[in-house]
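**Q** With the hints as extra help, turn the sequences into a complete structure.
One-letter residues, chain by chain:
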Amino acid sequence: MQNMSTNILLIEDEQRIADFIVTGFESVGFVVHHEIDGFRGLNTALIKNFDAVVLDLALPMMDGFQVLTEIRRKGLSTPVILLTAKTDLADRLSGFELGADDFLVKPFFIEELIVRVNILIARKSGSDASTIAQSGITLDRFSRVAKWGKGTSVLTQREYVLLECLLLSPGQIFSRQQILKQVWNVDFDPGTNVVDVCIQRLRKKLSNPDPNAQEVFPIETIRGVGYRLNNP
Amino acid sequence: MAFSGVSRLLVANSALEPLHSHLSEVLARHAARELRAAPGPVNTEQIKGYLEKSVDELQPGEILVWADKDPAISGAAQALALALAAAAPVWTTLDGQSTGQPFEMADLKADTQDWRILRTPIPQGQLYVAVQKNVLTRSANGILQTRDGILRNLWPMLLVIIVLVTVVLTRAALKPVQTLQNAFSVVDIKNPTEHISPDHHYREFAGFISYFNSLIDRLRGSYARATRFSSDAAHELSTPLTIIRGYLHRLVNQSPDGSQLQIQLSLVAEEVERLISISNKLLMLSQADAGGVSLDMQPMKLNDVVGEMVDDLKAQHRELIFSVDMPSGITFVADQELIWQLTSNLFGNAVKYNRPQGQVKFKARLSDKSLVFSVSNTTHLSIAGLDERIFERFYRYRETDQQEFTQVAGSGLGLSLCREIVTAHGGTLTLNVENDSWVTLECTLPCRN
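Residue numbers (our numbering), protein chains in the order written: chain X, 197 to 428; chain P, 27 to 475.
FYI, nobody ran anything at the bench for these hints, they're computed from the structure.
One or more of the hints may lead you astray.
What the hints assert, rightly or not - To spell it out: a stretch of chain P is covered by chain X in this simulated footprint if at least three of its residues, at any positions, have a beta carbon under 8 Å from a beta carbon of chain X; those stretches are:
1. 267 to 273
2. 279 to 286
3. 296 to 309
4. 337 to 344
Stated by the list, open to error - Chain X is faced by these chain P residues, among others (derived, beta-carbon under 7 Å):
5. Ser264
6. Ile289
7. Gln290
The beta-carbon is built from N, C-alpha and C at its ideal position, and this holds for glycine as well.
**A** Now the structure itself:
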C-alpha cells in the first residue's frame with residue numbers, strides 16, 4: 197500500500213509538530229510537502245496533485261475550516277484528515293459537514309495518523325481494500341477472517357482491530373498503552389494484561405497446526421516494551 | 027342565623043328608636059302626599075285608608091287619623107284625642123324636608139298601648155295620625171329580618187367574590203414577576219450580547235434587571251475565561267506531548283530489541299501516557315466546569331457495552347467472579363464515547379480495589395423515566411471512612427492517615443470525571459457503602475427519546 201509515489205500535503209503551523217509528522221511519514225516512504233499557513237497550503241493544494249491532505253485546524257491566514265471549504269468548493273476530492281487540539285464535538289461535526297474524511301485529536305500517535313491516511317488513500321483509489329496482506333498474514337475486512345499459513349480463523353471485533361492495527365504498521369513497536377488506546381479506545385491503568393491475553397488468543401487461533409512447520413509467528417513480543425509485526 | 031340573633035337583641039334593648047323615627051317619617055311622608063293629592067277639606071277616613079294600605083299586616087284600629095273639629099271622628103280616635111289633650115306630651119319636630127310639610131311627633135301611653143302620634147297643621151287646625159308602637163316595632167323587625175335574609179343568602183357569594191378578587195389581584199400583582207422570571211430563564215449564557223431589556227417590564231424592576239444583566243455579564247466573563255483556558259491549555263499541552271510521545275516512540279523502535287535502554291524508554295513512554303491521560307481528564311473537567319461538555323447523543327445498547335467490557339475483564343482477571351444482572355435489549359440515548367469512559371472507569375475501580383477471589387456485580391434496570399445501573403465490588407480496603415470525597419479531584423482514599431499516597435494507584439481524577447459525565451447527561455452518581463465490605467457506585471440517567 198505504501199509506495200514511493202505517495203504524496204502528502206501537510207498544512208501545519210507548529211514547526212516541531214510538522215517536523216515530527218514529516219519524519220514519521222518519510223520513515224514509511226511517503227513524500228511530504230509541508231506548508232506553514234492556510235493560504236499557502238490552499239494554493240499548493242490547488243496547484244499540485246496530492247494523495248491526501250493532513251490539515252491542522254488552528255492556522256494563521258486562513259483556518260483549517262476555511263481551507264477545507266475552499267478545497268471542496270474547487271471540486272477537489274483529495275482525502276483530507278483534520279488535526280485538532282480541541283476535543284470539541286462541534287468542531288468534529290462541522291469538520292465532517294465541510295467534507296473532511298477523518299479527524300484526529302492531538303496528541304496522536306504518528307502510526308495512527310499514517311494508518312488512517314493509508315486507509316483514506318486506499319478507499320479513494322478504490323483499490324482492493326477488502327483484504328490486508330502483510331508478513332504472511334491476510335485479513336479480510338468484511339468477513340473478519342484472518343489467515344496465516346494453513347491456519348484460518350474468524351476473529352472477534354477486538355482481535356480484528358488489534359490485528360489490523362499491527363498489519364497496517366509493520367515493523368513498528370506498539371506499547372500496551374498504545375494498543376489499549378487504539379483498539380479499546382480507553383486508557384485503562386497500567387498493569388492490565390488484556391492486550392497480552394488478546395495477542396495470545398490471536399496467536400492460538402492462527403498458529404499452524406503442523407508442529408513441523410518452521411515458520412515463526414510474525415507478531416513478536418518485545419520484552420518489557422510491547423508488540424511488533426515483523427516486516428519480512 | 028347570627029344576624030337575626032343580633033337584630034332580636036336590638037329589639038329587646040329598645041334600640042329600635044332610629045328605625046321607629048325613620049318609619050314615623052315614612053308615615054308622615056305618606057300623609058303629606060295624601061294631603062297634597064286631595065286639596066280642600068280634609069277627609070280623615072280617606073287618609074287613614076291610604077295609610078293602612080301602606081303598612082303590611084295591619085290590624086284594624088292600629089292606625090287612627092283624626093283632625094281638630096272633625097265631625098266624623100271615631101270613638102277610638104275621640105278617646106285617644108282626649109287622652110292626648112290630657113297628657114299634653116312634648117312634641118318634637120320631624121324633618122320637614124323629606125315630607126314637604128311640617129310634622130311634629132310625640133309618644134303617648136293610653137289604655138296599656140304605646141302610641142306614636144304625628145301631627146301637622148291643616149286649615150281647620152291639626153291633623154293627627156296615631157300609630158301603635160308595636161306596628162312600628164313589627165315593621166322594624168320585618169326590615170331587619172329582610173336584611174338578615176339578604177345577608178344570609180349573600181354570605182357564601184360574598185365569600186366566593188372575596189376569594190376570586192384575591193386570586194385575581196394576586197395574579198395581576200405576580201404577573202410582571204412571572205414575565206420577568208420567564209425572561210430570565212431564556213437568557214442564553216453562551217450568547218455574549220443577550221440581555222434583558224428593561225423596556226418591556228415595569229419601571230420598578232429596572233434596578234433589579236440591570237443588576238441581573240451585570241451578573242450575567244460577570245458570569246459570561248468567567249465562562250469565557252474558563253472555556254478559553256481549557257482550549258488554550260489543550261493546545262499548549264497537546265503540542266509538546268505529541269512531540270515527546272512521538273520521538274520517544276521512535277527511540278523505542280530504534281533501540282536494540284530487549285535492551286535495557288529500550289525498556290527504560292518504554293517506561294518513560296508509559297509515564298508520558300499517564301501524563302496525557304491526566305491532561306485529557308483535566309481538560310474534560312475544565313470543560314465541564316465551564317458548562318461546555320457537548321454531548322453527541324446517539325441511541326446505544328448498554329448490553330453491548332457492558333458485555334464487551336465484562337468479557338475483556340474476565341479474560342484479564344480470572345481470579346475475580348463477575349456477575350451481570352441486566353434485562354436484555356436496554357437501549358438508551360447518550361454520548362457513546364462518554365458512557366464507554368464512564369463504565370470503563372467504574373469497572374476499572376471495581377477491579378483495581380478488589381480483593382483476591384473477590385466479586386464484581388453489575389446491575390441495571392430500565393424504567394419509563396430513567397436508566398439505573400450500578401457496579402458493586404468487594405474490596406480489601408477497610409471502607410468505613412469512604413464517603414462523598416471520592417468524587418473530589420485528586421482525592422485518594424487512605425485507610426489510615428499514615429498510609430502513603432504512593433501505595434494507592436490512580437490519578438484521583440477518574441470518579442470526578444465519572445460524576446461530570448453523568449451530570450452532563452442530567453443524571454446522578456452516588457456511592458453506597460455496605461458494612462460487609464461491598465462498595466457500590468450507582469448511576470441514574472434520565473431517559474430521553
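**Q** If a hint holds in the structure, say so; if it doesn't, say that too.
**A** Tested hints:
Residue count for the stretch 267 to 273 of chain P with a Cβ under 8 Å from a Cβ of chain X: 6. That meets the three needed, and the coverage hint holds. Check result for the stretch 279 to 286 of chain P against chain X: holds, 3 residues qualifying (beta carbon to beta carbon below 8 Å, three or more required). Note: the stretch 296 to 309 of chain P has 7 residues with beta-carbon separation from chain X under 8 Å; the three-residue rule is met and the coverage holds. Check on the stretch 337 to 344 of chain P: 4 of its residues sit with their Cβ under 8 Å from a Cβ of chain X, so the three-residue criterion for coverage holds.
Because the smallest distance between the Cβ of P:Ser264 and any Cβ of chain X comes to about 4 Å, under 7 Å, the interface hint for this residue holds. The interface hint given for P:Ile289 is met, as the beta carbon of that residue sits about 4 Å from the closest beta carbon of chain X, less than 7 Å. This hint is violated: P:Gln290 has a C-beta 9 Å from the nearest C-beta of chain X, more than the 7 Å allowed.
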